[in-house]
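*Asks:* Residue numbers (my numbering), protein chains in the order written: chain A, 35 to 203; chain B, 49 to 600.
Keep in mind that the hints were calculated from the coordinates and are not lab data.
Hints are not guaranteed to be accurate.
FRET-style restraints, in silico, Cβ to Cβ [what the hints assert, rightly or not]:
1) Ser134(A) to Val524(B): 54 to 62 Å
2) Ser548(B) to Asp39(A): 55 to 63 Å
3) Ala76(B) to Glu69(A): 24 to 32 Å
4) Asn509(B) to Asn142(A): 21 to 29 Å
5) Pro113(A) to Ala65(B): 46 to 54 Å
6) Trp196(A) to Leu587(B): 21 to 29 Å
7) Asp53(B) to Met44(A): 55 to 63 Å
8) Leu294(B) to Lys41(A): 53 to 61 Å
9) Asn43(A) to Met306(B): 50 to 58 Å
10) Asp163(A) to Gly129(B): 43 to 51 Å
11) Leu51(A) to Ala76(B): 48 to 56 Å
12) Met44(A) to Ala76(B): 45 to 53 Å
13) Asn54(A) to Ser548(B): 22 to 30 Å
Note that beta-carbon positions come from the ideal geometry of N, C-alpha and C, so glycine has one too.
Residues per chain, in single letters:
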Amino acid sequence: MNVIDNKGNMISDHWLLIPNLTPIPSESSAIVSLERYLSEKTEIITKANSIGLIVEPDQALDDIANELNQFGIIVLLFPKFTDGRAYSHARLLRQHHNYSGEIRAAGNILRDQLFFMKRCGFDSFILPDDKATTDWISGFSDFSAGYQYSSDDLPIAACERWNTKTLMD
Amino acid sequence: MYSYDSIDRKIVSERIAQFRGQVERRLAGDLTEDEFRPLRLMNGLYLQLHAYMLRVAIPYGTLSSKQMRALAGISRKFDKGYGHFTTRQNIQFNWPKLEDTPDILADLAKVDMHAIQTSGNCIRNITTDPLAGVAADELEDPRPWAEIIRQWSTFHPEFSFLPRKFKIALTGALEDRAAIRFHDIGLQIRKNEEGDIGFEVFVGGGQGRTPVIAKSIRSFLPEGDLLPYLEAILRVYNLQGRRDNLYKARIKILLDAMGPEAFTAAVEKEWQTTRDHTPNLPNEEILRIKAAFSPPKYERPAPSAKSDDALRRDGVPEGFFNWRRWNCIAHRERGYRAVIISLKPPGGIPGDASARQMEIIASLADSFSFGEIRVTHEQNLVLTDVRELDLYPLWKLLDAAGLGTGNASLATDIIACPGLDYCNLANARSIPISQQISERLTEEKLHLTGPFSIKISGCINACGHHHVADIGILGVDKKGEELYQIMLGGNPGNNAAIASILGPAISSDKVVESVESIIDTYLANRQTKETFSQTLGRLGTEIFREALYECH
Chain A
35 MNVIDNKGNM ISDHWLLIPN LTPIPSESSA IVSLERYLSE KTEIITKANS
85 IGLIVEPDQA LDDIANELNQ FGIIVLLFPK FTDGRAYSHA RLLRQHHNYS
135 GEIRAAGNIL RDQLFFMKRC GFDSFILPDD KATTDWISGF SDFSAGYQYS
185 SDDLPIAACE RWNTKTLMD
Chain B
49 MYSYDSIDRK IVSERIAQFR GQVERRLAGD LTEDEFRPLR LMNGLYLQLH
99 AYMLRVAIPY GTLSSKQMRA LAGISRKFDK GYGHFTTRQN IQFNWPKLED
149 TPDILADLAK VDMHAIQTSG NCIRNITTDP LAGVAADELE DPRPWAEIIR
199 QWSTFHPEFS FLPRKFKIAL TGALEDRAAI RFHDIGLQIR KNEEGDIGFE
249 VFVGGGQGRT PVIAKSIRSF LPEGDLLPYL EAILRVYNLQ GRRDNLYKAR
299 IKILLDAMGP EAFTAAVEKE WQTTRDHTPN LPNEEILRIK AAFSPPKYER
349 PAPSAKSDDA LRRDGVPEGF FNWRRWNCIA HRERGYRAVI ISLKPPGGIP
399 GDASARQMEI IASLADSFSF GEIRVTHEQN LVLTDVRELD LYPLWKLLDA
449 AGLGTGNASL ATDIIACPGL DYCNLANARS IPISQQISER LTEEKLHLTG
499 PFSIKISGCI NACGHHHVAD IGILGVDKKG EELYQIMLGG NPGNNAAIAS
549 ILGPAISSDK VVESVESIID TYLANRQTKE TFSQTLGRLG TEIFREALYE
599 CH
């Protein structure tokens with residue numbers, strides 16, 4: 035499983051994706067499903083060193099908003115590359131919940147979407163098996179500026195025009 | 049009009065490089081057709097019945113003469129020497145080759161044009177009143193806001209993979225000429241009691257197989273809050289809109305399923321959070337964009353035109369006076385008119401213009417109207433700022449180019465989709481029906497009837513707006529035969545209404561006489577100054593149904 039960060043560098047992954055029926059290895063960095071976290075919260079917190087969540091696009095995180103910053107990573111799943119809900123989940127995590135941990139994209143993603151994902155606050159990406167990483171890196175820099183305020187540091191057209199650092203200034 | 053700066057240009061050129069790479073990967077087999085399809089659609093490239101079709105964006109329907117010349121050049125170089133203006137104020141080329149499309153985009157980019165988001169499940173070209181900035185009934189020019197929304201929606205990182213396409217229209221006039229109640233979001237500029245500018249926000253309108261009139265979810269949104277509010281609507285839709293069924297994926301279905309109150313509450317809640325985190329555009333930026341739409345340098349006072357008597361003494365033909373009556377619209381500036389160039393000559397294909405015609409229109413725009421052209425959702429063009437003095441010389445030149453038809457808003461000013469002649473979704477042909485109707489109705493009858501709308505779609509997707517016409521014509525397929533359903537009483541404007549079907553579908557050879565018999569019934573029964581929809585409202589549909597089926 036190849037994982038790249040949002041600059042295109044390969045990263046070695048200490049996170050383990052634990053299927054729902056598999057026991058949590060002790061002192062692991064365990065990524066579990068949201069429903070497993072909700073039902074086995076205490077046990078998971080005791081066993082794992084650090085916890086990550088994997089979230090389906092139809093799952094809302096509002097109910098555990100106060101617990102979000104204990105997760106080192108939140109993996110947002112793309113069942114199909116045309117399913118754009120995870121972009122909004124990433125924005126909600128960054129914008130509404132001030133989530134500062136890692137957000138990772140997994141599932142059916144295309145190189146052509148990396149630019150948008152990075153803008154929405156994704157930090158890392160699980161590459162589909164047969165895809166070469168070198169080819170994908172250029173996807174992050176398809177555009178040198180954007181028109182919208184978002185969850186990244188891409189230059190924004192209106193700010194460039196008026197020499198303001200961010201729209202907040 | 050708005051001019052690109054270096055940032056806008058760079059984004060467009062980066063888009064071409066990105067798309068060129070995508071086409072190369074597709075041709076090399078690195079992208080499957082399933083993967084390529086959404087990517088090419090987001091760049092306006094469709095695979096039609098016979099060839100690819102490229103839809104080029106004309107933001108809010110505004111073109112410079114230079115851009116119009118470039119479109120003519122592209123139609124010569126890469127297509128068959130014509131283009132087709134659409135109901136979304138865009139232009140389509142029907143015969144490009146896939147491998148040529150990056151070069152077409154490069155030619156477009158030379159005049160600051162592109163095909164970004166003219167298709168696909170993203171925010172589409174923003175549309176507005178074609179008379180924006182000149183209409184006598186305008187409260188505030190909508191174009192700066194259309195441009196602000198254009199920029200905001202371009203490559204929006206969060207909203208590029210929506211459940212379905214998303215269309216936004218706005219108007220700043222009292223009369224809605226942009227069909228805002230039939231868009232996913234419709235914005236009506238309003239002034240509140242303090243004199244501040246804002247928007248009434250309509251959501252969930254649309255045509256297609258489930259026609260719905262949009263609901264007003266907010267009566268006044270201060271202008272500065274526009275972008276965060278749009279973000280809130282789009283976010284609720286992106287997260288909650290259906291993705292399991294293509295036909296139930298538009299926001300109108302979500303709004304109906306949630307109910308307007310719950311939907312509105314969800315948007316307002318999202319907005320309250322979003323507005324604190326979404327900074328406003330710098331005021332200088334809003335002023336910069338507004339300045340781009342300052343009025344042109346009108347002649348004051350404009351020289352007065354000759355009297356009609358004098359014109360008649362000079363031998364000016366009646367055709368001019370007819371044309372002036374229907375195609376020349378009141379202007380807010382004394383001595384000027386907005387001129388509709390009809391792309392609906394008798395027997396013509398609605399919305400089509402040849403390369404030569406496009407070039408002539410570009411020159412006429414330079415000579416008579418400050419070098420700017422608008423596209424209307426009725427598939428005509430507009431020169432917005434013509435001196436009354438120039439109307440006759442302009443008409444003579446238009447007429448010589450086959451562009452002098454005086455039928456704007458009349459029964460032969462027909463909207464028609466490309467239909468089965470081009471489109472792989474169509475069940476029936478639209479263009480030949482339109483051609484036959486426009487050949488059949490005499491000028492005398494057209495003028496007697498007055499404003500009257502006929503709109504034709506070749507399938508249930510309703511690209512030809514058949515739901516919102518006085519007479520809507522819908523092509524259906526019945527065991528391999530092309531049949532047509534006739535419906536009456538639709539209206540795209542302030543009194544929005546969806547047409548209702550009169551009865552069983554009729555065969556193609558009966559459509560023209562049916563349309564004429566409905567018009568004749570209207571003429572025989574209308575009271576003084578009654579519009580068709582008023583007569584229909586007073587008499588009901590039965591009398592028209594009888595007239596229709598008497599033809600069979």
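*Asks:* Taking each numbered hint in turn, which are not upheld by the structure, reported in ascending numerical order?
*Replies:* Violated: hints 3, 5, 6, 7, 8, 9, 11, 12 and 13.
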